[in-house]
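Q: Same order as they appear, the protein sequences are chains W and Z.
Per numbering that gives the first Met the number 0, residue 0 is the first one in the first sequence, and the count goes up by one each step.
Per numbering that gives the first Met the number 0, residue 0 is the first one in the second sequence, and the count goes up by one each step.
Keep in mind that the hints were calculated from the coordinates and are not lab data.
All values reported here derive from a predicted model rather than from experimental measurement.
Heads up, the beta-carbon is just placed ideally off N, CA and C, and yes, glycines get one too.
Each statement offered as a hint is correct.
Quick list of in silico lysine to aspartate or glutamate cross-link-like pairs, EDC-like style, CA-CA up to 16 Å:
hint : chain 1 : residue 1 : chain 2 : residue 2
1    : Z       : 267       : Z       : 289
2    : Z       : 305       : Z       : 289
3    : Z       : 112       : Z       : 170
4    : W       : 296       : Z       : 132
5    : Z       : 66        : Z       : 194
6    : W       : 296       : Z       : 175
7    : W       : 296       : Z       : 170
8    : Z       : 323       : Z       : 367
9    : W       : 37        : W       : 306
10   : W       : 294       : Z       : 175
11   : Z       : 155       : Z       : 59
12   : W       : 294       : Z       : 172
13   : Z       : 311       : Z       : 349
14   : W       : 296       : W       : 333
15   : W       : 296       : Z       : 172
16   : Z       : 218       : Z       : 61
17   : Z       : 174       : W       : 333
18   : Z       : 79        : Z       : 367
19   : Z       : 389       : Z       : 83
20   : Z       : 218       : Z       : 194
21   : Z       : 311       : Z       : 249
22   : W       : 294       : Z       : 170
23   : Z       : 79        : Z       : 321
24   : Z       : 311       : Z       : 347
25   : Z       : 174       : W       : 358
26   : W       : 294       : Z       : 132
27   : Z       : 79        : Z       : 383
28   : Z       : 387       : Z       : 366
29   : Z       : 267       : Z       : 249
30   : W       : 37        : W       : 49
A partial selection of chain Z residues facing chain W, derived with a Cβ cut-off under 8 Å:
hint : residue
31   : 52
32   : 53
33   : 54
34   : 55
35   : 137
36   : 138
37   : 139
38   : 140
39   : 141
40   : 163
Each chain is listed here by its residues.
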Amino acid sequence: MKLPSQKNLFGAALLATHILTWYFWGFGAHIYSTISQKPQLCWPFLQSCEAFGQIVSPGLAVGYFAVYFVIASIGLLLFGLQRNVGLAHLCLVLVTVMKLAAMLLDFRFMGNYHLIPLLLTVVYFFSRNPASAVKLTIVLLYIYAGLLKFDLDWLSGVSLVTRTFVPIEILNPLLGLVILMEVFASPFLLSQKRRVRFSALSLFGLFHLFSWHIVGYFYPLVMFTLLFPFIYSGVEASFLRSKEAIVIVILLTTVQFIPRLVTSDPGLLGGGRWMTLSMFDVEPVCEYSVRAVSKQKSIEFSVAPLDLYPRVKCDPATISSYARWYCDKFRGADYRLDLDIALKRMSSPTFTYAFSYRDFCSVQTVSPHVFSNYESN
Amino acid sequence: MNFQFNVRKLGWFAFASFFLLSLFMVFKVHPETILFWKKPYLLKSDPTSSLVGPYFHRTDADVTNTKYYLGSPSRSATVKLSSDPLQWSLVWQTERLNQGIHDASKSSPVVNKGGVFVGSDLGVLHEFADSGESVWSFVVSDVSRGIHSSPVVTSKSVFFGAYNGRFYSVDRDTKEVNWWHQLGYAIGGSPLIVDASIFIPVETQDNGYIVSLDAKSGKLKWVSPFLGEQIHSSPAVSAENNLLFVGTNDSLLVSLRLETGKLAWAYKAGGPIKSTPILVNGSVIVTSWDGYLYRIDQLTGKLIWKVNIGGKSQSTPAVSGDQKILLVGNSLGRWNLISLASGKVIREVDVGTSVLSSARSVSFEGDDFFLAECSPKSFCLYSDSLEKLKEWKTGAKLTGVPWVSEDSLYLSLNSPGGALKIGEVK
Chain W
0 MKLPSQKNLF GAALLATHIL TWYFWGFGAH IYSTISQKPQ LCWPFLQSCE AFGQIVSPGL
60 AVGYFAVYFV IASIGLLLFG LQRNVGLAHL CLVLVTVMKL AAMLLDFRFM GNYHLIPLLL
120 TVVYFFSRNP ASAVKLTIVL LYIYAGLLKF DLDWLSGVSL VTRTFVPIEI LNPLLGLVIL
180 MEVFASPFLL SQKRRVRFSA LSLFGLFHLF SWHIVGYFYP LVMFTLLFPF IYSGVEASFL
240 RSKEAIVIVI LLTTVQFIPR LVTSDPGLLG GGRWMTLSMF DVEPVCEYSV RAVSKQKSIE
300 FSVAPLDLYP RVKCDPATIS SYARWYCDKF RGADYRLDLD IALKRMSSPT FTYAFSYRDF
360 CSVQTVSPHV FSNYESN
Chain Z
0 MNFQFNVRKL GWFAFASFFL LSLFMVFKVH PETILFWKKP YLLKSDPTSS LVGPYFHRTD
60 ADVTNTKYYL GSPSRSATVK LSSDPLQWSL VWQTERLNQG IHDASKSSPV VNKGGVFVGS
120 DLGVLHEFAD SGESVWSFVV SDVSRGIHSS PVVTSKSVFF GAYNGRFYSV DRDTKEVNWW
180 HQLGYAIGGS PLIVDASIFI PVETQDNGYI VSLDAKSGKL KWVSPFLGEQ IHSSPAVSAE
240 NNLLFVGTND SLLVSLRLET GKLAWAYKAG GPIKSTPILV NGSVIVTSWD GYLYRIDQLT
300 GKLIWKVNIG GKSQSTPAVS GDQKILLVGN SLGRWNLISL ASGKVIREVD VGTSVLSSAR
360 SVSFEGDDFF LAECSPKSFC LYSDSLEKLK EWKTGAKLTG VPWVSEDSLY LSLNSPGGAL
420 KIGEVK
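Working from the sequences, and respecting the hints, build out all of it.
A: Put into structure tokens, the structure is as follows:
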């Protein structure tokens, strides 16, 4: 049997990530269980997500994802059989749109293991050389992920989402090596020389295999799937000098800078971080309190989003969703609502930032993009 | 069937849309973000200690005319009455305040300028008017952990700590929070303000420390070293010796330097010290769960005497107006009258209920009296020889400390009781 083209291999790999997603999201049940936990957390640009969330029932979620699975499977089969590739592409578009629609229901679905395949799908469809463009994008993402890891949170190990069995004396140097690997070894994934490319692939394969017990099965499996086409070839040097490659580099670099312009510490303060595919490996610590104030009574609520994924729990989008939820709860009551937020990185001994919002319901001061409208301390 | 699908155009469109949408959202929908050169944050949390949590400040607090638990920094003041306590009777009583969680003493009332402030183990700080009407309440977060310490009340501000580990200052007129500070896991002991510094006992889950804040701004001044397992005791301060004294559940009586929080000395008792130390004539006096009352030299930390009072005690001693005798209760339900000079027990009186509360020393027209619990559901006026002179039915048990003003007495009772005022009915 003839091997599919590099383009079709990536098409198949991207469809395979959707089948993984179908399993990861509990065949759709996870979508419903997440959005039924109130408050529903809205993406910064879709602040009315509750309206869409109300439509979703357990049956609808499972049915929707059954269709999603069938379409992804058909596309994967067509790519495998190398027949009717146009229809396979349509399948890829459909499942991507379906996944995007599900992700937009709640900010908790913003994990970079979802965002990366989405970005690669976009690159895949726009490029004249999809396989090369996708490979270059993956390498760039590794490089930026490595650069963003260059901080105390990553190097100390506090930003790991769960603990590891590796002793800290070994873990710390390993975490440093991960940065070196992502920044300096990832370009070798593009090499046309089989031995060089395989060496780099082995490194990344080991890295994702090791990360399994820390981040769970989904992320490594997604990355294994996306790295699979690298086994067969690298990237032509001529592509790397093409306008297309330069455009990809410029665009990806630009979006990395936007969060830096919005806030000084996007990993902690969250502003615009989703644009960088949320690759900041920071364990934020945040405490926020809502105080309902009237002349006769003040009621304080400490909002401790401990059960939220670390990359989400302190984001302005999350906090604005909580704020809006409290506004709804107190609508019509004779109370003014104030909100205090304090944040720090886990590696910081003290709380670094504090923001106070007075009467946040009346003027909607809590932006889902950045923390602002503060009262200074 | 073979789809003709112009994937390149679709891809370009999607990518451009994503990029433009990103820019639009950041710079148009929320124009404040365009001011990125003006950093949208400010506070640098006070770096003096990594133990304390976030601190929020809106406005400075008032620290004039300060009133607090047990009435003075030495925690041993005698209140001079202007009206005859024998003529007092129940003026008003509120509905239930506490649910009775834990065996610990409940928050005690503090009265200042017509406002009666008291916390409850239901997590609410109450303000009552002097007529007994509810004026205002503050329900703290983690409400189930309650408020167990007593507030500090000034002319325009009220300060209080809660078992959620937060310490608050609230404006009495506007009811706005002046500032609040997360100081640790829990605050169970009662704070004290001396010279615009506020001293607060703070608990971690297995240890504790004293925090000093600037009372106006709430800014951290110092954090003491870890002092041992939790601090339920409340601090007393000797301004002349620049020392602070507090007990710990690790059986320590600790003396700290007032300016720095550094340890001056520590005395090891035979059991947890949960009562508040009182300062009398250069000595510090405190009870312990080991069943002893200790008198220790303030400057050296050396034991002057200790006396067995027959049962574990978390009752804070009250010293008579002439500073000759002490009254202290124990868990066996007994008040002990003790000579301050010798430490000998002069008289014992059984009251039929475990004494978790503390007595207050008062004087009227030159005579000394004690106000103290005298049964599970009543409160009494005692002579300085422990003769019962007057009894008021309260309907519930007292576990804190009475607040005594010139002409009235205020109590906060355990469940099912409320706050009540005893005084002259006009």
